[in-house]
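> So the protein lines, in turn, are chains A and B.
The first sequence begins at 1 in the working numbering and counts up by one.
The second sequence begins at 1 in the working numbering and counts up by one.
Incorrect hints may appear among the rest.
[Stated by the list, open to error] Selected chain A positions facing chain B (Cβ under 7 Å, derived; list incomplete):
#1 S25
#2 A115
#3 A118
No lab work stands behind these hints: they were computed from the structure.
Every residue, glycine too, gets a C-beta built ideally from N, C-alpha and C.
There are 2 protein chains.
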Amino acid sequence: MAATERSTRDRLLDAFETLLVTAGSRAATLDAVAAEAEVSKGGLLYHFHSKDELVEGMLTRLREQGEADVAKMRTAKKGPVEFYLATSVNTGSNFDRALVAAGRIAQENDSRASAALADLREGWFTVLREHLGDESLARTIQLIGDGLYFDDTTGLTEKNALKHVRAVLKRLDVL
Amino acid sequence: MAATERSTRDRLLDAFETLLVTAGSRAATLDAVAAEAEVSKGGLLYHFHSKDELVEGMLTRLREQGEADVAKMRTAKKGPVEFYLATSVNTGSNFDRALVAAGRIAQENDSRASAALADLREGWFTVLREHLGDESLARTIQLIGDGLYFDDTTGLTEKNALKHVRAVLKRLDVL
DNA sequence: GTCTATACTTCGATAGAC
DNA sequence: GTCTATCGAAGTATAGAC
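Kindly produce the complete structure, drawing on both the sequences and the hints.
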């Protein structure tokens, strides 16, 4: 068997996330998702019976990706802090996209999305605190990561932000 | 003359912001805004001829509030850093609401909203850098503020986050 | 498993009465 | 300055052919 084709189902979730991230939740309509995935609306609704199911499919995938990310962070060569900061700036990965997309949904008052994001953050924080042995430092670094992420998703990206953060963390003997 | 009544125009902008913040951009429809402000849709459209004008009215108000905020930050008794951090956690003020609302609009790919937010951030950053005389520190503190703000708007508020940040900043001789 | 056709609802906006 | 009535476009969802 040749390299497994990306399933229609996955392409639909990708399209949904892409639209949420690049154009916002108002633009992420079923029509637009179907068009982006190059499927008809009927085709979409075969895989996901409603928009709500589309959200659920997306969040399920996010949780899987999230668990893998926390595991990678725990054993990262350069240490959890550097891994965490480096992946807080948008690298354009599938995981980044899923994360930002979930953020958009959370803002529409969706408790499932908020819960998924909160769980993820808790995973990151646990690793940071274990590694640093210092709650204040762990919380502060998590906030810096949130800030980097926020700036990215709001189109406010400051080119050298990470460089400045690293300089400050060195003064604190963290890096 | 008695205390000036809040104008219908202002009530409409308030309603628009409230809906954006509490329910997201998909829920902030003209119908919903009119209902929230207790005006008919026709009444709304007398003051704002289109949804776009509603956005513009909101951003104009935000810029005014923003200038006042930066001025207050510059001369704050406890210093700009403490002022900036304290106002980065949502205090429920009108300015907070306007800020979050603009963030929602910015995410719908609206360049006017992004520009307004970028200008505001630049104002804060300028004061931080002047006061600290250190770009890395200023950038890092701004990121922490972004993180505090982000957590608030995503419903991830960590009660004692500010306490931990203050502890770390003391180690850096900032507070 | 994917398509077209269509029903129903909601959205943004206009027209005109009061 | 505010209201009701209404229109056309776009949104979600269903039914049924292929």
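> Hint by hint, note whether the structure agrees.
Consistency of the hints with the structure:
1. With 7 Å as the threshold, the beta carbon of A:S25 comes within range of chain B, its nearest partner Cβ sitting at about 5 Å, so the hint holds.
2. At a threshold of 7 Å, the smallest CB-CB gap from A:A115 to chain B is about 10 Å, leaving the interface hint violated.
3. Contact between A:A118 and chain B, as hinted, is supported at the beta carbon level, the nearest pair being about 6 Å apart and thus within 7 Å.
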